[in-house]
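Line by line, the protein sequences give chains S and B.
First residue of the first sequence: 393, per the working numbering; consecutive thereafter.
First residue of the second sequence: 38, per the working numbering; consecutive thereafter.
Since the hints were made in silico from the structure, they are not lab data.
Just so it is clear, CB atoms sit at the ideal spot from N, CA and C, and this is done for glycine as well.
Do not take every clue at face value.
Reference listing, derived: stretches of chain B covered by chain S, where coverage requires no fewer than 3 residues with Cβ under 8 Å from a Cβ of chain S [said to hold, decoys possible]:
no., stretch
1, 129-136
2, 274-283
3, 461-470
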Amino acid sequence: MIDVNRRVLPGFRLSLGYTLLYLSVLVLIPLTACFLKAASLSFDEFWAAVWTPRARAAYALTFGTSFVAASLNVGLGLLVAWVLVRYHFPFKRIFDALVDLPFALPTAVAGLVYSSLYVKSGWLGRYLVPLGIQGSYSRLAIVLVLTFIGLPFVVRTVQPVLADLEAEVEEAAACLGATRAQTFRRVILPSLLPAIVTGFALAFARGLGEYGSVVFVSGNMPFKTEIAPVLIVAALEEFHYKQAAAIAVVLLVASLTMLVLINRLERWSKRDGN
Amino acid sequence: MAIDVTAGAATTRRRAQEDPWLVRWTLVTIAAAVMAVLVVVPLANVFYEALARGPQAYWNSLVGDADTLSAILLTLRVAPLAVLANVVFGLAAAWAIARFRFPGRTLLIAMIDLPFAVSPVVAGLIFVLIFGLQGYLGPWLREHDIKIIFATPGLILATAFVTFPFVARELIPLMEAIGAEEETAAVSLGARAWQIFRRITLPNIKWGLLYGIILCNARAMGEFGAVYVVSGHIGGQTDTMPLRVEKLFQEYNTAGSYALASLLSSLALVTLLVKTALEWQTRHELRSRLRESLPDGDGGGAAAQPLRPRVVPPEHRPATTAERSEETTGVGISVKNVTKRFGDFVALDDVNVEVPHGALLALLGPSGSGKTTLLRIIAGLDVPDSGSIHYQEEDATHRSARDRNVGFVFQHYALFRHMSVFENVAFGLRVRRWPNAKVEERVHELLRLVQLDGLGRQSPSQLSGGQRQRVALARALAAEPKVLLLDEPFGALDAKVRQELRHWLRKLHDEIHVTSVFVTHDQEEAFEVADRVVVMNRGRVEQAGTPQEVFEHPANAFVMDFLGNVNVFHGRVEGGRALLGSFEVAMPEYPHDESRPVKAYVRPHELEIDRLPRGASSLKADVLRINPAGSAVKVELLAKDFGVPINIELGQERYAELQLKTGDTVFVFPKRVRVFVQDFQI
Numbered sequence: 393m394i395d396v397n398r399r400v401l402p403g404f405r406l407s408l409g410y411t412l413l414y415l416s417v418l419v420l421i422p423l424t425a426c427f428l429k430a431a432s433l434s435f436d437e438f439w440a441a442v443w444t445p446r447a448r449a450a451y452a453l454t455f456g457t458s459f460v461a462a463s464l465n466v467g468l469g470l471l472v473a474w475v476l477v478r479y480h481f482p483f484k485r486i487f488d489a490l491v492d493l494p495f496a497l498p499t500a501v502a503g504l505v506y507s508s509l510y511v512k513s514g515w516l517g518r519y520l521v522p523l524g525i526q527g528s529y530s531r532l533a534i535v536l537v538l539t540f541i542g543l544p545f546v547v548r549t550v551q552p553v554l555a556d557l558e559a560e561v562e563e564a565a566a567c568l569g570a571t572r573a574q575t576f577r578r579v580i581l582p583s584l585l586p587a588i589v590t591g592f593a594l595a596f597a598r599g600l601g602e603y604g605s606v607v608f609v610s611g612n613m614p615f616k617t618e619i620a621p622v623l624i625v626a627a628l629e630e631f632h633y634k635q636a637a638a639i640a641v642v643l644l645v646a647s648l649t650m651l652v653l654i655n656r657l658e659r660w661s662k663r664d665g666n
Numbered sequence: 038m039a040i041d042v043t044a045g046a047a048t049t050r051r052r053a054q055e056d057p058w059l060v061r062w063t064l065v066t067i068a069a070a071v072m073a074v075l076v077v078v079p080l081a082n083v084f085y086e087a088l089a090r091g092p093q094a095y096w097n098s099l100v101g102d103a104d105t106l107s108a109i110l111l112t113l114r115v116a117p118l119a120v121l122a123n124v125v126f127g128l129a130a131a132w133a134i135a136r137f138r139f140p141g142r143t144l145l146i147a148m149i150d151l152p153f154a155v156s157p158v159v160a161g162l163i164f165v166l167i168f169g170l171q172g173y174l175g176p177w178l179r180e181h182d183i184k185i186i187f188a189t190p191g192l193i194l195a196t197a198f199v200t201f202p203f204v205a206r207e208l209i210p211l212m213e214a215i216g217a218e219e220e221t222a223a224v225s226l227g228a229r230a231w232q233i234f235r236r237i238t239l240p241n242i243k244w245g246l247l248y249g250i251i252l253c254n255a256r257a258m259g260e261f262g263a264v265y266v267v268s269g270h271i272g273g274q275t276d277t278m279p280l281r282v283e284k285l286f287q288e289y290n291t292a293g294s295y296a297l298a299s300l301l302s303s304l305a306l307v308t309l310l311v312k313t314a315l316e317w318q319t320r321h322e323l324r325s326r327l328r329e330s331l332p333d334g335d336g337g338g339a340a341a342q343p344l345r346p347r348v349v350p351p352e353h354r355p356a357t358t359a360e361r362s363e364e365t366t367g368v369g370i371s372v373k374n375v376t377k378r379f380g381d382f383v384a385l386d387d388v389n390v391e392v393p394h395g396a397l398l399a400l401l402g403p404s405g406s407g408k409t410t411l412l413r414i415i416a417g418l419d420v421p422d423s424g425s426i427h428y429q430e431e432d433a434t435h436r437s438a439r440d441r442n443v444g445f446v447f448q449h450y451a452l453f454r455h456m457s458v459f460e461n462v463a464f465g466l467r468v469r470r471w472p473n474a475k476v477e478e479r480v481h482e483l484l485r486l487v488q489l490d491g492l493g494r495q496s497p498s499q500l501s502g503g504q505r506q507r508v509a510l511a512r513a514l515a516a517e518p519k520v521l522l523l524d525e526p527f528g529a530l531d532a533k534v535r536q537e538l539r540h541w542l543r544k545l546h547d548e549i550h551v552t553s554v555f556v557t558h559d560q561e562e563a564f565e566v567a568d569r570v571v572v573m574n575r576g577r578v579e580q581a582g583t584p585q586e587v588f589e590h591p592a593n594a595f596v597m598d599f600l601g602n603v604n605v606f607h608g609r610v611e612g613g614r615a616l617l618g619s620f621e622v623a624m625p626e627y628p629h630d631e632s633r634p635v636k637a638y639v640r641p642h643e644l645e646i647d648r649l650p651r652g653a654s655s656l657k658a659d660v661l662r663i664n665p666a667g668s669a670v671k672v673e674l675l676a677k678d679f680g681v682p683i684n685i686e687l688g689q690e691r692y693a694e695l696q697l698k699t700g701d702t703v704f705v706f707p708k709r710v711r712v713f714v715q716d717f718q719i
């Protein structure tokens with residue numbers, strides 16, 4: 393039924409036209425400009441801009457910390473979602489609402505407070521630094537703040553799926569003689585897997601692009617704690633627009649790939665869910 | 038959105054007992070510890086640091102610092118503008134995507150997610166590359182003295198880019214879940230685009246829209262990376278709140294930094310509060326919507342009184358256009374050579390139907406036969422690929438649904454959920470700008486007609502299914518339509534209410550005489566209510582006529598089959614005789630020698646039972662089951678020799694006479710047989 397409604401409900405041309413215009417002006421044209429700018433470099437120049445040792449270290453750091461943080465989020469998010477769906481405990485509603493704080497809290501605030509919590513005199517640093525755990529101006533600092541930023545993604549994708557899981561399936565497993573652990577591993581986990589993967593991908597993508605909080609906590613030391621977006625800002629500050637565009641193109645391609653992947657995953661998990 | 042609102046609470050409680058106490062509390066404690074370290078401690082730290090030097094110092098570092106104050110004001114300017122732009126975009130995108138199908142739709146949906154995947158720094162950079170001094174438009178902008186980058190417009194652009202998915206992402210699934218039924222109903226009642234949006238769509242999506250705005254705003258106020266790149270950090274001019282937090286931090290002004298951070302944190306907490314409240318609101322609404330959509334009888338609603346046909350004196354009858362125009366006995370609606378395809382599927386294949394003026398016609402057929410498509414085409418809710426629709430000689434094919442002045446009753450009522458019964462009925466009049474007094478009078482008149490007077494102030498959700506259906510009918514009749522169209526009007530009701538409403542609809546039609554067409558797959562319903570019946574199959578009209586004609590003289594095997602409750606015998610025909618098991622029927626219409634397969638149909642009351650065979654044309658059968666309840670005794674038999682099950686209806690007297698028991702072997706005789714060779718009938 394290609395256009396059952398098109399002829400009946402009004403406003404198709406206006407709404408679609410405006411949508412496309414807005415997207416073009418705000419997204420498509422600027423993104424094209426970015427690719428054009430980068431294309432004005434010769435291949436060698438482009439390569440020189442995006443593949444310096446410093447840039448490679450930054451990519452590795454960005455991907456590495458995002459990956460570790462997203463993996464941590466899978467474990468923590470699964471736990472939080474499980475507790476929220478399955479158990480009743482005091483202040484549960486506040487607990488539930490606070491899960492979304494990383495969505496609502498400006499990243500600069502997160503960066504600010506995470507940078508001071510883990511220094512030697514900070515609330516948590518005073519216990520951790522003597523143990524040799526450097527939770528600020530280090531790679532660990534980046535992982536910590538990215539874990540904070542990404543926490544809601546896994547929780548909020550797993551939570552509804554877990555809530556929709558039929559009790560009968562677990563009861564059936566129990567009747568067939570499975571232990572609780574076996575039921576979890578063989579019955580519950582497989583049905584949560586698509587949601588977990590989607591949540592992981594979302595947290596990972598968010599980590600790749602994150603800037604505000606990381607610049608506060610990392611110290612931005614080249615080769616050590618400098619993430620890829622910082623390279624762009626650094627290039628811009630030196631008025632190297634083409635180089636900035638080149639690095640942006642690398643990040644864009646990476647994140648577009650992520651977007652396609654997330655889309656596929658969402659479709660996969662939806663099909664699986666049904 | 039698969040939110041299981043009915044079962045959720047109960048199952049959670051039941052499952053919770055499965056895990057031992059120790060496991061439960063260990064897990065809860067660990068989760069609480071994780072949340073404390075990741076979320077609560079940092080939040081507490083912000084407020085602690087901000088207020089550590091006392092409220093006076095706190096106040097001074099916020100308002101006393103001119104640059105901080107201007108950063109607050111700048112954010113309060115930038116964020117609302119970006120949100121406003123994204124709300125307009127979100128509404129347009131949701132309308133296009135949730136209400137229409139078009140090529141590239143999936144791609145468009147994916148594009149809306151782009152900002153989630155693009156690093157904010159890149160988002161800022163792309164605007165610098167276009168509008169910056171060295172950018173593509175830079176020289177032109179400088180010539181005309183327009184500043185975008187390092188100025189407020191750039192901040193708004195960057196913020197809008199980063200936050201534009203939020204409203205659209207919220208509205209698209211919501212509008213898809215709500216469906217287009219109510220909006221389609223509004224079109225059929227004559228509403229214009231703006232009226233539909235303001236009176237139907239907006240009230241339905243208001244909570245979701247607010248939710249999207251809240252998220253969008255939170256992100257807009259807090260955006261850092263994109264804004265950082267385009268701002269240029271001109272103190273007091275282009276520093277937003279988050280940028281100011283960073284600058285103060287770099288200047289080692291920790292107190293000022295934390296003070297501003299605490300303000301932002303408070304905003305985040307307010308966001309969470311509103312968000313949680315809205316989630317409860319929408320969940321509550323979804324739940325009541327779910328309850329509404331459950332089929333129910335006439336029991337649950339307010340004051341369900343039995344429907345008694347009421348004689349309305351002619352002078353009190355609501356006038357219809359049809360009645361007011363001089364009595365034409367001609368054709369009310371004619372459908373001429375209408376064809377409609379959906380892709381490869383032919384929904385209607387050269388269909389011709391005539392509805393006599395003032396008649397009540399039933400479109401009868403199995404699902405997928407095209408009857409609803411035909412009804413929607415008559416209403417103007419669908420457009421035929423070829424052919425035409427005439428209302429009393431007047432070509433209406435190219436008139437929109439809004440201008441056709443039809444009353445359409447939707448299968449699931451499509452009542453406007455946020456309006457009272459009164460306002461639902463009044464809708465078609467309000468969009469036509471009737472004066473209030475007349476609206477009042479007309480609505481009360483109609484509520485009396487459908488016997489719902491006194492329920493005008495109820496909301497549709499408080500009514501039973503049957504009552505809702507009558508509201509839908511009153512709403513369709515309000516604007517004095519030329520024709521009344523009903524799509525499976527009783528489909529969603531239970532058997533008893535259905536029966537009652539059927540009689541009532543017949544009575545109502547006898548009173549108001551508006552040319553009416555209704556769709557049904559229930560032959561009993563069609564025969565009981567309609568003046569004329571059109572039987573459809575696979576997009577074609579199989580037969581049209583009065584109920585009596587169709588029942589007594591089915592045009593072909595399909596009609597016979599579809600009318601149902603019939604015994605089918607397979608056999609062969611040759612030389613003017615049809616052989617069906619051990620029956621033999623004369624068939625002079627087929628004198629050919631070539632033998633062909635035939636199907637013979639015998640209705641259950643057209644078969645007789647006897648203990649002994651009577652000549653050649655009888656069939657030996659065993660009694661399998663007897664159901665003596667009801668006016669006729671239903672007997673199920675099996676003709677073992679041919680493996681044919683047979684159903685027979687006997688009169689009570691004959692049954693008593695025969696003294697039938699299960700297991701008896703008897704002989705069956707047909708009183709009347711209809712034999713079809715292909716489309717060829719005796």
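We went through each hint and held it up to the structure:
1. 129-136: Held - the stretch 129-136 of chain B has 6 residues with a Cβ nearer than 8 Å to chain S, which meets the minimum of three.
2. 274-283: holds (count 5)
3. 461-470: violated (count 0)
Violated hint for the displayed structure: number 3, the only one.
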